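Undergrad: Chains S, Z and E are the protein sequences, given in the same order. In terms of the UniProt record's numbering, the first sequence opens at residue 1 and continues consecutively. In terms of the UniProt record's numbering, the second sequence opens at residue 1 and continues consecutively. In terms of the UniProt record's numbering, the third sequence opens at residue 1 and continues consecutively.
Worth flagging that the hints you see were computed from the coordinates, not collected in a lab. On a predicted model such as this, the values are computed, not experimentally measured, just so you know. Keep in mind that a hint or two might mislead.
What the hints assert, rightly or not - Partial list, derived from the structure: chain E residues whose beta carbon lies under 8 Å from chain S:
#1 Trp3
#2 Gly25
#3 Ala29
#4 Ser31
#5 Gly47
#6 Phe51
Using N, Cα and C, we set each Cβ at its ideal position, and we do this for glycine too.
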Amino acid sequence: MRFQKRHIALLVYIVFLLLPIYWLFNMSIKTNTEILGAMTLFPDNPTLANYATILTDPAWYSGYINSMIYVGINVVISLLVALPAAYAFSRYNFTGDKHLFFWLLTNRMAPPAVFLLPFFQLYSSVGLFDTHIAVALAHCLFNVPLAVWILEGFMSGIPKEIDETAYIDGYSFPRFFTTIFIPLIRSGIGVTAFFCFMFSWVELLLARTLTSVNAKPIVATMTRTVSASGLDWGVLAAAGVLTIVPGALVIWFVRNYIAKGFAMGRV
Amino acid sequence: MNKITNNKAWFLVLPVFFIVAISAIIPLMTVVNYSVQDIFDPQTRFFVGTDWFRQVLEDSRLHDALIRQIVYTGSVLFIEVPLGIGIALTLPRKGWGVSACMVLLALPLLIPWNVVGTIWQIFGRADIGLGGYTLNLLGMDYNYSQNPMDAWVTVLVMDIWHWTSLIVLLCYAGLRSIPDAYYQAAKIDGASNWAVFRFIQLPKMQSVLVIGVLLRFMDSFMIYTEPFVLTGGGPGTATTFLSQFLVTVAVGQFDLGPAAAFSLIYFLIILLVCWVFYTVVMNAGKREEQ
Amino acid sequence: MTWMAWTPITAVFFTCIFLTLIGMGIWQAISPTIPRRGFLPLETTRGDRLFISLLGAAYIHLGFMVVSDASIWIASIIALVWLFLVMRWG
Numbered sequence: 001m002r003f004q005k006r007h008i009a010l011l012v013y014i015v016f017l018l019l020p021i022y023w024l025f026n027m028s029i030k031t032n033t034e035i036l037g038a039m040t041l042f043p044d045n046p047t048l049a050n051y052a053t054i055l056t057d058p059a060w061y062s063g064y065i066n067s068m069i070y071v072g073i074n075v076v077i078s079l080l081v082a083l084p085a086a087y088a089f090s091r092y093n094f095t096g097d098k099h100l101f102f103w104l105l106t107n108r109m110a111p112p113a114v115f116l117l118p119f120f121q122l123y124s125s126v127g128l129f130d131t132h133i134a135v136a137l138a139h140c141l142f143n144v145p146l147a148v149w150i151l152e153g154f155m156s157g158i159p160k161e162i163d164e165t166a167y168i169d170g171y172s173f174p175r176f177f178t179t180i181f182i183p184l185i186r187s188g189i190g191v192t193a194f195f196c197f198m199f200s201w202v203e204l205l206l207a208r209t210l211t212s213v214n215a216k217p218i219v220a221t222m223t224r225t226v227s228a229s230g231l232d233w234g235v236l237a238a239a240g241v242l243t244i245v246p247g248a249l250v251i252w253f254v255r256n257y258i259a260k261g262f263a264m265g266r267v
Numbered sequence: 001m002n003k004i005t006n007n008k009a010w011f012l013v014l015p016v017f018f019i020v021a022i023s024a025i026i027p028l029m030t031v032v033n034y035s036v037q038d039i040f041d042p043q044t045r046f047f048v049g050t051d052w053f054r055q056v057l058e059d060s061r062l063h064d065a066l067i068r069q070i071v072y073t074g075s076v077l078f079i080e081v082p083l084g085i086g087i088a089l090t091l092p093r094k095g096w097g098v099s100a101c102m103v104l105l106a107l108p109l110l111i112p113w114n115v116v117g118t119i120w121q122i123f124g125r126a127d128i129g130l131g132g133y134t135l136n137l138l139g140m141d142y143n144y145s146q147n148p149m150d151a152w153v154t155v156l157v158m159d160i161w162h163w164t165s166l167i168v169l170l171c172y173a174g175l176r177s178i179p180d181a182y183y184q185a186a187k188i189d190g191a192s193n194w195a196v197f198r199f200i201q202l203p204k205m206q207s208v209l210v211i212g213v214l215l216r217f218m219d220s221f222m223i224y225t226e227p228f229v230l231t232g233g234g235p236g237t238a239t240t241f242l243s244q245f246l247v248t249v250a251v252g253q254f255d256l257g258p259a260a261a262f263s264l265i266y267f268l269i270i271l272l273v274c275w276v277f278y279t280v281v282m283n284a285g286k287r288e289e290q
Numbered sequence: 001m002t003w004m005a006w007t008p009i010t011a012v013f014f015t016c017i018f019l020t021l022i023g024m025g026i027w028q029a030i031s032p033t034i035p036r037r038g039f040l041p042l043e044t045t046r047g048d049r050l051f052i053s054l055l056g057a058a059y060i061h062l063g064f065m066v067v068s069d070a071s072i073w074i075a076s077i078i079a080l081v082w083l084f085l086v087m088r089w090g
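Can you make the complete structure from the sequences, with help from the hints?
TA: Okay, here's the thing in structure tokens:
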């Protein structure tokens with residue numbers, strides 16, 4: 001009996017999670033007349049017209065491309081700089097290490113709104129405004145500390161004897177790091193990339209402020225549609241569904257690591 | 001783990017240091033500079049000392065936003081943490097259900113924040129949304145774009161929908177680290193469910209829970225995107241939280257000085273809370289090692 | 001650098017902070033700190049005490065501005081006393 005009750009609670013919660021997502025999907029395959037005309041649980045005439053609009057209109061699909069580009073750049077930068085730093089934090093004591101670590105964390109916690117104005121001025125003054133690299137660098141503010149934090153957790157789980165044996169065997173640090181150590185923490189790197197991807201993908205405020213036309217991300221395109229016309233619900237819903245897809249794919253690939261990643265990665 | 005003291009490790013940290021310094025220290029210095037001046041353009045600016053700070057500290061809109069923020073963050077923690085623990089306890093421990101639940105639970109976390117807003121906008125509207133339509137059908141006069149209370153509750157429910165999964169996943173990760181032997185021992189002793197929870201499960205979840213509470217506190221304290229899309233801070237100022245208020249002042253009215261002064265106060269609050277949590281976590285970690 | 005809108009007083013402020021950090025680094029290199037318990041309810045190193053005193057100083061200034069309209073330098077003096085107290089006995 002106890003099992004029954006437990007599972008009912010879980011089921012109710014999952015329905016609560018999925019219902020709004022279902023509704024978004026439902027809207028995305030309806031025509032606008034049906035959306036505004038009647039309340040239907042299932043679409044009467046399912047249509048893919050909304051998706052077709054997005055995939056053929058450059059104003060829409062360039063948003064996805066822009067987002068993908070800066071998210072990609074950001075993940076690469078974050079991982080490249082965070083790997084050696086996380087190694088240093090997990091293996092050595094050095095002057096000011098704890099304070100440095102704390103300072104990095106505060107940047108993960110700081111509200112992006114605080115940095116909004118200076119960022120705008122900074123990137124305008126060096127001529128990077130409205131470029132992908134500007135958004136990627138701005139997102140490093142919270143993704144690099146996050147990557148260091150997660151990777152440090154994974155690296156601390158690798159016994160130090162492995163390093164010592166490798167050094168005795170005559171490995172130099174770069175060779176040891178790239179050929180032995182990195183393969184050992186593969187799953188950690190995967191989890192880190194996942195979270196960097198996620199936070200860069202979902203962020204709106206900085207991405208919107210630092211771009212105008214050439215690097216305009218999909219999230220900004222969507223909010224513009226809301227405020228400007230506010231009418232084309234079907235296309236908006238379809239755009240929403242398409243932004244969920246990359247995340248859902250990533251989750252599917254890492255599903256077995258999620259719980260572990262959350263615990264070890266201390267996200 | 002015993003670590004070697006080696007200051008050469010600084011070389012490994014330098015890239016991170018520089019990249020974060022560019023994105024954090026230079027902007028922060030700029031904010032400090034802005035906060036003590038009245039700026040018309042880069043050439044025309046006047047030193048005003050602490051005037052902006054005094055103005056901001058006395059601004060009743062800020063006080064209101066701060067109170068709203070604290071009530072909101074408090075409600076978020078008060079609902080999401082117990083709910084998250086509860087859901088984590090109901091999750092199956094093995095079998096095919098585990099992966100399925102993980103995927104379904106993690107889904108809301110990966111939806112872009114503005115799309116979360118859009119989803120609830122579509123879901124909550126009384127004319128085209130399932131949620132709003134049903135509530136009205138049940139006789140409630142629900143309209144989140146007109147009624148401040150409805151708007152506030154909708155933003156809260158949206159946050160619960162969005163982020164409770166994070167607490168669930170963290171707690172579940174903690175629960176999985178409990179060996180089966182503990183449960184068997186408890187069964188032999190005839191321990192009640194409550195005793196099992198209180199003395200076995202809760203202590204194991206403690207460290208991840210602190211992290212969960214910290215993250216939920218921080219993220220709800222700087223919430224911007226979701227209410228911006230859903231309600232735009234309205235109706236009136238019912239859902240104008242601190243970040244929203246800051247962005248309005250900084251970008252909307254382009255009042256650099258007050259916005260900068262406000263940013264610094266905001267940042268100091270975050271810094272203090274972050275430090276307290278960090279110290280607690282680290283000290284708890286040290287005690288565990290001993 | 002014009003967009004950063006430097007003024008003499010903030011420049012001096014940041015130079016002081018910067019020099020303090022370098023000074024702390026050198027001090028650490030000459031005689032490493034030993035964590036200890038003072039009147040603060042936790043074990044602290046020198047760096048921790050510096051951080052606590054600086055954060056405290058910021059809050060002292062804010063608090064002073066809320067309760068009083070008098071010159072901010074009074075708050076600065078209080079903050080300096082606080083800084084000394086924490087660094088010496090914290």
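Undergrad: Can you list which hints this structure breaks, lowest number first?
TA: 4
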